[in-house]
Each structure stands twice: as structure tokens, then as C-alpha cells.
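Note that the protein sequences, when read in sequence, are chains Z and X.
Mapping the first sequence onto UniProt numbering, position 351 (from 1) lands on 351, and the numbers just tick up by one.
Mapping the second sequence onto UniProt numbering, position 125 (from 1) lands on 125, and the numbers just tick up by one.
Treat each hint with caution, since some may be false.
Listing some non-contacts, in silico: residues in chain X with all C-beta distances to chain Z over 12 Å [unchecked claim]:
id	residue
1	Val-101
2	Gly-158
3	Ser-231
4	Leu-256
5	Val-280
6	Val-302
Which bits of chain X does chain Z cover? Going by a derived footprint, with three or more residues having C-beta under 8 Å, they are [claimed, not checked]:
id	region
7	174–182
8	194–205
With a Cα cut of at most 20 Å, we get these calculated PhoX-like pairs of lysine-lysine [unchecked claim]:
id	chain 1	residue 1	chain 2	residue 2
9	Z	Lys-294	Z	Lys-431
10	X	Lys-108	X	Lys-197
11	Z	Lys-354	X	Lys-197
12	X	Lys-191	Z	Lys-354
13	Z	Lys-141	Z	Lys-202
14	X	Lys-197	X	Lys-110
These are computed hints drawn from the structure, not numbers from a lab.
Note that the Cβ used here is the ideal one computed from N, Cα and C, for glycine as well.
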Amino acid sequence: MLKASDPSGLTARPHFLALDGIRKTYPGVIALADFSMRVAPGEVIGLVGENGAGKSTLMKILGGITAPDQGAITVDGVPHDRLTVGSSMRAGIAFVHQELNLFDNLDVAANVFLGREPLRGGPLRLVDRAALRAACEPYLKQVGANFSADAPVASLSLAQQQMVEIAKALSMQARLVILDEPTSSLPVAETDRLLSVIAALKAQGISVIFISHRLHEIERAADRVLAMRDGALVGALDRDEIGHDAMVKLMIGRALKAREALAPAREPGAVALSARGVSTPAYPGCRVDLDLCKGEILGLAGLVGSGRTELARVLFGIDRRLGGSVALDGKPLALSAANDAVANGIFLVPEDRKATGILLDLPIAQNISLPDLPRHARRYLVSPRSEAETAEAQKKNLAIKAPSVATLTGTLSGGNQQKVVLAKWLAMKPKVMILDEPTRGIDIGAKAEIYALMRGLADAGVAVLMISSDMEEVIGVSDRIAVMHEGSISGYLDRDDFSQENVLLLAIGKPAGKESAGAAVPVA
Amino acid sequence: MSKKDLGLLILILVVGVVVAAINPRFLLPINLANTSNLIGLFGILSIGQAFVIITGGIELSVGSLVALFGVLFIDLIATRGMAWPVALPLIIVLGGVVGLVHGWLIAKLKLQPFVVTLCGLLIYRGVARFYTKDGTAGFAFGQNFPSLEFLTAGRFHGVPNSFIALIVIAAVMWIVLHRSVFGRYLYAIGKNEEAAKYSGIHTDRIVIAAYVICGVLTALSAIYFAMYTRSISPASHGQFYELYAIAAAVLGGFSLRGGEGSLVGAVLGTVLLQELQNLVNLLGIPSSLNFAVMGGVILLGVMIDQQWSAFRAQRLVAEAARQSQ
Chain Z
1 MLKASDPSGL
11 TARPHFLALD
21 GIRKTYPGVI
31 ALADFSMRVA
41 PGEVIGLVGE
51 NGAGKSTLMK
61 ILGGITAPDQ
71 GAITVDGVPH
81 DRLTVGSSMR
91 AGIAFVHQEL
101 NLFDNLDVAA
111 NVFLGREPLR
121 GGPLRLVDRA
131 ALRAACEPYL
141 KQVGANFSAD
151 APVASLSLAQ
161 QQMVEIAKAL
171 SMQARLVILD
181 EPTSSLPVAE
191 TDRLLSVIAA
201 LKAQGISVIF
211 ISHRLHEIER
221 AADRVLAMRD
231 GALVGALDRD
241 EIGHDAMVKL
251 MIGRALKARE
261 ALAPAREPGA
271 VALSARGVST
281 PAYPGCRVDL
291 DLCKGEILGL
301 AGLVGSGRTE
311 LARVLFGIDR
321 RLGGSVALDG
331 KPLALSAAND
341 AVANGIFLVP
351 EDRKATGILL
361 DLPIAQNISL
371 PDLPRHARRY
381 LVSPRSEAET
391 AEAQKKNLAI
401 KAPSVATLTG
411 TLSGGNQQKV
421 VLAKWLAMKP
431 KVMILDEPTR
441 GIDIGAKAEI
451 YALMRGLADA
461 GVAVLMISSD
471 MEEVIGVSDR
481 IAVMHEGSIS
491 GYLDRDDFSQ
501 ENVLLLAIGK
511 PAGKESAGAA
521 VPVA
Chain X
1 MSKKDLGLLI
11 LILVVGVVVA
21 AINPRFLLPI
31 NLANTSNLIG
41 LFGILSIGQA
51 FVIITGGIEL
61 SVGSLVALFG
71 VLFIDLIATR
81 GMAWPVALPL
91 IIVLGGVVGL
101 VHGWLIAKLK
111 LQPFVVTLCG
121 LLIYRGVARF
131 YTKDGTAGFA
141 FGQNFPSLEF
151 LTAGRFHGVP
161 NSFIALIVIA
171 AVMWIVLHRS
181 VFGRYLYAIG
191 KNEEAAKYSG
201 IHTDRIVIAA
211 YVICGVLTAL
221 SAIYFAMYTR
231 SISPASHGQF
241 YELYAIAAAV
251 LGGFSLRGGE
261 GSLVGAVLGT
271 VLLQELQNLV
281 NLLGIPSSLN
291 FAVMGGVILL
301 GVMIDQQWSA
311 FRAQRLVAEA
321 ARQSQ
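Sequences are here, hints too, so could you generate the full structure?
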């Protein structure tokens, strides 16, 4: 077998992977229709498309999870009718999924060689820990890791954990690494690291398929972009044609202004929510002052771990604040539990939708009624009719795509699940709406709907606080931006000072370029 | 009634018909009355347990509490001369207090339910034995409490009053679990406690309330058991009753992960368990095999249930595929 780094692979075999006329149908849907693609060794392919465009099906076929109905797969010159999980792995195809499959109670080397540990002879089959570590080091070096093989995975950042996954792929002699939404949870600095790992793979002749909703990262990384829509390849862009607008146009079939939801900045209303000297359990030493006005969308930017989510949890009463005060319309709030926030019209759309936002095993209607159940009850007994009516209204209002409000929420797509989370709060007249990464893992169409919804809330006088790590989103949607750095707010930006550079500078604790930006900024 | 409950009911009837065919004594009024009395006693325990299991918890101290509360109750009315209308609510309040403590330890101090109630199992058994100095608590010769005995061990038109009590409690608790706001919260917490908390529910209070309900029903059941056996040796009285209650809930379709199960299921699970016990007696199976029969049937039941759901899921997919063609 050719070594991945063998330069002759480039000339001897023009394509590592060739798909021809792949077709796959599921009950009621054509997931892939005559899909063809080529991947050359050392080529970085950016694969874009809205959710439901057929990317996941394609990945399942490449990973050997499902078989195509028809079409030919050629890997490394060898034709296959279909791939199995085993044959895909043996052919050198490796996956790094959005949700990492690492064991964080083990160290790096143990994860990389899980199930393939070098053994010290003898009947006990003990793991040779020294050999394990030694075997792991070269792969870590290959991905440019700055951590050692015996570091516990729990201590690594998300980007570092992705490197472990990639090292694992390399250790299995991968020649094509498929990265599925690798950056959707990464802050900017970490994303850069990942992109440089991709460049390193490319230099070694390893092909990469990079799937992402974050188009400017694709723009930076890809040699070629393939766009999918409705299960078909709708276009390809070569290196010099790759650009944000071109990709969006291909994906949705028309040009879409990235800032469609943006309305001209208006004068914000009176202060709705004001926090004074609030400190959170994550940063007990820091004090946050924050004013959130009626009718504005305040974007809360910052690196992952800068304390934004923790601040949101305190403002929503999930975590007890360690100090300071919070007032709504000038009235101080205890916020000793989420119940207190909900009763006062402060609602949170949490970051982790599946773990905290909704109950996947409950029907849509029961999710929507949950926070407001007493209102749907007479003498403590729930009225399913009242629940269904409210849910129907919200389903229509938010265009939730589901057969009925009795559908289990877990069967919906990510975007529609997020709409259910929004629906339960919209049914209750919000005063303050806190949204933590509201569009993570959601396709472009649904994103635009959620932006429009936030704008609609603000227009109706609701104070909206949007936490986001997506720079385009923060700049495109916010009326005002607050940036957090290590537990404190490092500065505010008004519309005129919006720029990626200013947000980034504040996020790493440096003053922004314009003088109007934020007050006391610690110099790093 | 869900399909699962219906399946269980059919199973109960089929087993009943088979046992009756082999040994017609199964249908004698005296046998049916005895069995339904036991169903009443154990059923009340199972309902209490069900409320805890629905939250994803477990209550292991039930058997020891049956012994402790039984000893206390008999001691209060037989030797200390307390009027039973005072002693009965006192014991029930005590049950609620024990539930409150368990719930508080679990919800507020975040201790694991298994650990808390396992300690309870040991503690209450020990206290019960110490209280009677390991003696047997019972009534003096000729001592009786006609109205209490009628309410607990008596019969109304041939139906044991304990069974009637179960039906009443089950009806009330069915409404609480399946129709009330509180019941909905219980299911929500069982399915995903974090998400429930993020919906503004006081999850701690709801969980504590579940343990209080379990404690109250356990105390009530303990009084029924005490009046049924009339003499209690605290070293063995009520032993393994928590397991009967858990087994009944599991047979009735409850998941120990929480969030799944119906009240009808818990009651039917109890019925099936008692029917099996009766079957062992009536079919001349050595009574030493009692537990083995019970364990075997539960295992079989859970396996069939699992396979059946997998089969149904497959059939749904196949059907969807056929329709689309």
C-alpha cells in the first residue's frame, strides 16, 4: 500500500476517490440523485449545502453505513459496489465528526490507539504504556499538536480534541480525512489552528473533505468547492472562483444578502435588564455591568470560555450569582431559580439545545407548554386542547416543519427543534430574550428565519441578548456589541465601529481600534 | 389504557385461565379474596415506588419502612394505648417526613437515590429491631379494634378492603400522574431534568414531592401489612418488599432511567406478580422456587417487550418504504 506521504501517489493515481452516478433514495425522498465527484490526493474539497441537501447521506455512503442504490465508488483505483464500515476504513477513509467520539477519561495516546493498543506479551495482555505513548508521538507531531501523548483528553480544548481525532485517523493510515462541521463550536483562534492542520495534511498528500456552514473558513481552506442542493451537485468552484456570495448563490439557488435581517439601527428604548457588579461562579473575581435596552439586539461576543454562557445562566437564574444585583425595569430581581426569571419574562434559549433546550422524547405541543403549564391547566389538571391550540398557533407563526404538534420533537431537524425552543418562550410574552448560540448547527434558510424573528422581537420592544461565536452573525445581526474577555466585559461597540478586527481585539483583551469602544480595558 | 398495559392485562388473564384449568381452586372466592388482599397491600407500595421511579430515582428502604412503621403503629395502639385515629395519621405523617428527608438529600444535596435509600434500608431495619429489642410486636390476647380491623383487613361484600383502598388510591394517583401539572413535571424531569430546569420548573421541589408521596403510601401500606399479619418480627417483616415494588413497576413498563411508565402498568404489574405467587402455591411448585419463578418471568417479560419494540420499529420503517414506492 502506498504511504500517504509518497509523492508518487500524486502522479500515479490522479484520483484517490471517484464517485459516479451515486443514487440513494429513502422513503419519500431522493437523498442523492446521480451524484458524481472526484477527489485528488492532497486536495482539499469544501462541501457546502443546506441541511437536507444530501451531505450526510453522502458521508454515510463513504463511511460504509449505508449502501447506494446505484452508482460506482472507486477508491484508490479499486472499484466497489458499496463500502462497508471495514472496507471504508481499510481503504483509508477517516471521519472526524462534529460531535467528537473521544473518551475524556483516557489520555491522548489511549484514545488514538483505542482497541489497537500495543501489548506486553504474557497471558494478562497488559497494555505496554511506554510503547503506546511512543507510537502516538509521531502522529501528534504530524498534526502539529502542542500537547503530549499522555495528556488527559478532558484537559484539552475542542480544537486540540479534534487534532486527537485527526491523529487517530492518521494512525489508521488515512488518505482521505472527512471533517464534518469541525469548526462549528470553535472560537476564532482555535479555528486557525485547525485550518493549519488541514494545510499540513494537504502537504502530506492526504485529501480532505471539509463540510461546514461557515463559508469564510471554506473560503480559506478549500482548493475546490462542491455545492449540493436536493441531493444533486449544483455547482463546483475552483480555487480562484471561491467566494462567499458565489457559494451562497449555489447553495440556495439565488443570491442572498448575508445581512438580510438587518434593519437600520434605531435608537434603543429604555433599559430593560440591568446587571451591576454581577459575578458568576466561573469567574468569581470578575464583576460584570451590563445594560440591555428594550428594542435592541445586543450581541455578546467573545472567545469560548470567556464567561458569556455563565453570565446568561446567572441572568436566567440557573446558577446563583455570587455578587451584584440584577434589575428588570428598575425592579430588583432575586433570580434564585430559573422559575424566578421565567415568571418575570426573562427567557433563555440555551446553547446546548438537546441537553437543556427541549425534551426530545416529548411531543412538540408538550415542549411548548412546559414552562407555562399552569396557564394550560384548570384546577391543576392539564388541558391538552389548550396546549394544542397554543402549539398550533406557534407552529404556524414560526413555520415549524412537522406533520403535527403531536410529533416527537426529537424527530425534527436541528432548525425546527430550535424553533420549538423559541416557540415555548414566544408563547409567553417575553420581556428579555437571551439566546445562546441560537443558530449553531442550523442551515442557512432556518438561520435567516431566526434572524428575522429576533429582529421582530426587538421591533416589538423585547430586549434581545444574543451570544454568538459566529463573527458574521454578531456583526450582521446586532444593534450593539458587547465583548467579553476572561469573565469581564472588555468593551462595547456601536454600529459604526463594527468590524471583525475590533471584536477580535476586545475578545483577546486589547482595546478596539476606535476610541468610542469600551471603557476600562485591561492591557494584555 | 396503552397497548403495553393491554398486553399485560391479556397476559394476566391468560395465566389466570391456565392456572384455573389446572387447579380450579384458583377461582374459589377464598383464594381470590386472599390474592386480591395481597394485591392491595403490595399495589399501594408499587404506586409509591412508581412515583419515585418516574423521576429516574429509586426507593430501596420500602421494606425496612414497612417493618419500622408496622412496629411503631402496633406499639402505639396496642401497648401505649394511643387511639388508632390518632396513631394512623401520625404514622402517615412520619412516612411523609422520611420521604421529605430522602428527597431533600437527593434533590438538594445531590446524593444518589440508590445510596440514600440503601442507607435508609439498613438504618430503618436496625431501628425497628432496636425498638422492639428484637422481639415481636403484636397485640395482647383478646385485644381488638373492630373498626380499624374492618377498614384494613376486613371485607366489603366479599372484597377485601385493602383491595378497595388500592383501587381508590390508584384512581386518584392516576389523575395526579397522567392529568395534573405535577404529573407532567414528573415525566419531564424523568426524561431530562436539565431541560425541565431550563423551562423554569422547580425540579428540586417536584423530586422531593415524589419521595414524599412514596413515603406516605409506604406508611399507609405498612399499617395495612401490620393489621394483616397482626404480629411483626422486625428482623424479617417486609424484607424484599422494595424489590416486589420495583419489579411490579418494571413489569408494568417503567424504565429505571425515568420518564416512562403508566400507573395502570404499575398496578397490573403487581397483579401479575401476586398471580405468579399464587400459581406457585396452587400448582404445587416447591415454594423455595418462588423467587426464581418471579425473576424468570420478569426477565422474560422485559426481553419480549424489548424485542417487540424493535420489531415494531422495523415494521414502521418497512411500511414507510412501501408507501413511498
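Hints the structure fails to honour: No hint contradicted; all consistent.
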